Amino acid sequence: MNLLEVKNLKVHFPVKHGLFSRVKAHVKAVDDVSFTIQPGETLGLVGESGCGKTTLGRAIVKLVEPTAGSIYFEGEDIAQLSGAELRARRRKFQMIFQDPYGSLNPRMTVGQIIGEAIDIHQLAESSSARQKRIMELLKAVGLDPIHAQRYPHEFSGGQRQRIGIARALAVEPKLIVCDEPVSALDVSVQAQIINLLQDLQQQRGLAYLFIAHDLAVVEHISRRVMVMYLGKVVELAEAKAIIRTPKHPYTQALISAVPEVDPDSKRKRIVLPGDVPSPINPPSGCPFHPRCPIAQAPICQVDVPSLREVTPGHWAACHFAK
Amino acid sequence: METSPQPSATEAIAKADLAIASPWQVFWRRLRRHRTAMFGAVILVILYLTALFAGFIAPYGYERQDRERFFHRPMALRFQGGLAVQQYEPAPGSSKYQAVKGEVQRIHFFVRGDKYNLFGFIPSTLHLFGSGDPKHPINLLGTDQYGRDIFSRLLYGSQISLSIGLIGIVLRFGLGMVMGGISGYFGGKIDSFIMRFCELIMSIPALYLIMSLRATFPANLSSTQVYLLIIAILSFIGWASSARVIRGMALSLRERQFVLAARTLGQRDRHVILKHILPGTFSYVIVAATLSVPYYILGEVVLSFLGVGIQEPDASWGIMLNAAQNPEYLTNYPWLLAPGVAIFITVLAFNFLGDGLRDAVDTKS
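So the protein lines, in turn, are chains A and B. Following the numbering used here, the numbering of the first sequence begins with 1 at its first residue and continues without gaps. Following the numbering used here, the numbering of the second sequence begins with 1001 at its first residue and continues without gaps.
Only chain A is shown next, with the shape it has when bound in the complex (with noise of 0.2 Å):
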């Protein structure tokens, strides 16, 4: 079974004008996008600046509605729950931030912030089991037990990224939306990060959406790779299968984009004309066909290509896909 599973999932974001908040148009950060992760899976997500990636990872752990669509988790519909059934379910999926510095509460100590997690769901039976839960935590993503004690303003980018881990894995989670985990760190920080998150996905049998706009990262800790363009899944296919053989031209764009350090390398850069348009008003047709170097009239300006198989497992929006 899916662990979960996301159907035609809409996000869109109203643009209010005026003394009487009008709406005047929606901004559609994420329009129509469906796709399944397994349990023990990690599904990588790329894209730009501005694609939805965020958004999306967002709307699946419900820090923001979803406009339409359903989110099935453990078959389960989680889109339309709210309040305390929604609440106690929260368990189950939970989310790393982007911002080591932001994400934890500069005013708690790093055992209250994990506590808090236990405290919620009542994880914890005595303030002693407690206490022995966080000690067990922070040894898990590999920080020193007495750390508890301390604030977060005393550790470093990629030891905060550690408490945050440790927060989320608090209330046992089955998936874990990682939102740009590694952005913000030095490389080879990122590097101890990555591994720590793979080491306990073999542990836990947990499941990831990795959200990144780093390819190589991407390509390093997933399974299978989707790429978003203006808040449609553009490709969805293996992650070798992505970096070797990209089907989406937008793809194709993406990957010669990725610095290389063979200096004999004869791959072309491909350099897209123009900049990504608003998701306010999109182009009609294929998001894409304005900077598309294969565009053709009038297909691609009339007729919004489906995801479609390509080849099996290679999921590719685009017409001229083979």
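Hints were generated in silico from the structure; no laboratory data involved. Among the hints, erroneous ones may be present.
Said to hold, decoys possible - Label-pair distances were calculated between CB atoms; the ranges are:
id : chain 1 : residue 1 : chain 2 : residue 2 : range
1  : A       : Ala68     : B       : Gly1187   : 20 to 26 Å
2  : A       : Ala68     : B       : Glu1199   : 33 to 39 Å
3  : A       : Ala68     : B       : Gly1248   : 28 to 34 Å
4  : A       : Ser183    : B       : Tyr1048   : 47 to 53 Å
All values derive from a computational prediction rather than experimental measurement. In this text, a Cβ means the ideal position worked out from N, Cα and C, and glycines have one as well.
On the provided structure of chain A, position chain B as indicated by the hints.
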């Protein structure tokens, strides 16, 4: 390296200095280095202690009238075989008093005198000092138009004037934080509703609002009731502007990732506001609260001055200044302005402390 720190020399030094410094400890350390703030704080501690022990320190009760001595001038302390003051006697045929040459009135310590209740409930007659001679009272700051000792009344008055500020800011910022926190955290219609209500309150001129609110209550209230009423009225007017600022802070805090993390964990909205949002506004609240204490002290003064506040014979700095509004009194008996000096010192001390608090919470410097 990154996971379990090895104890190195530099780290040991860092540990000794910053070992588990909570944000509050850092804040306290910075505040202590601020000289004017500590000066203000010391003055305030002294003022509040004297207010607490007013009955003991004051030589006379606040109601005690000496019909022999209206508008007696202040008596200077001198040292003549112990602390003493010049003896005065009424000058025949006028309302003036003249010094009795060569006669001094010794000041005795721990004398029995007027009854009072220490802290409001311990009955006592012991006073810190007094003359021990009813014919020659000690009026350090002179007497008023009823022959009451201004020094004693100043101390009793400080109980009202100083506590009104403290209770006032608790009410004002308590309400401001609850309403501002709810407004900013939830946003949308709740936010609009609360903020429009705040603007409604703020758009009415404060003095008219005070007067009309006061007018809705019966005129013959006891002083305690009036005292509570004044606090309630001033807080009711003041909370709106605090709520607006706190709402703005809550609006930005709710997008912070640690707030999102708490929501993802399934924390209740109430707890998110109390544990994560409102503590983030403390830095503003502490400073603003300190700086708005004078507003309550002056508010009481204004209300009592206008005759709708504390009523005679009870003492407050405002009602004492009320007596000084007669220009004839002012020119002839300037010591009636003593409560004005006390207000000045208190307001200044609060502003000193507030400035220091603002510097201490400003983590950018």
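Against the structure, the hints:
| no. | hint | in the structure |
| --- | --- | --- |
| 1 | Ala68(A) / Gly1187(B): 20 to 26 Å | holds (22 Å) |
| 2 | Ala68(A) / Glu1199(B): 33 to 39 Å | holds (36 Å) |
| 3 | Ala68(A) / Gly1248(B): 28 to 34 Å | holds (32 Å) |
| 4 | Ser183(A) / Tyr1048(B): 47 to 53 Å | holds (52 Å) |
Violated hints for the displayed structure: none, as all numbered hints are satisfied.
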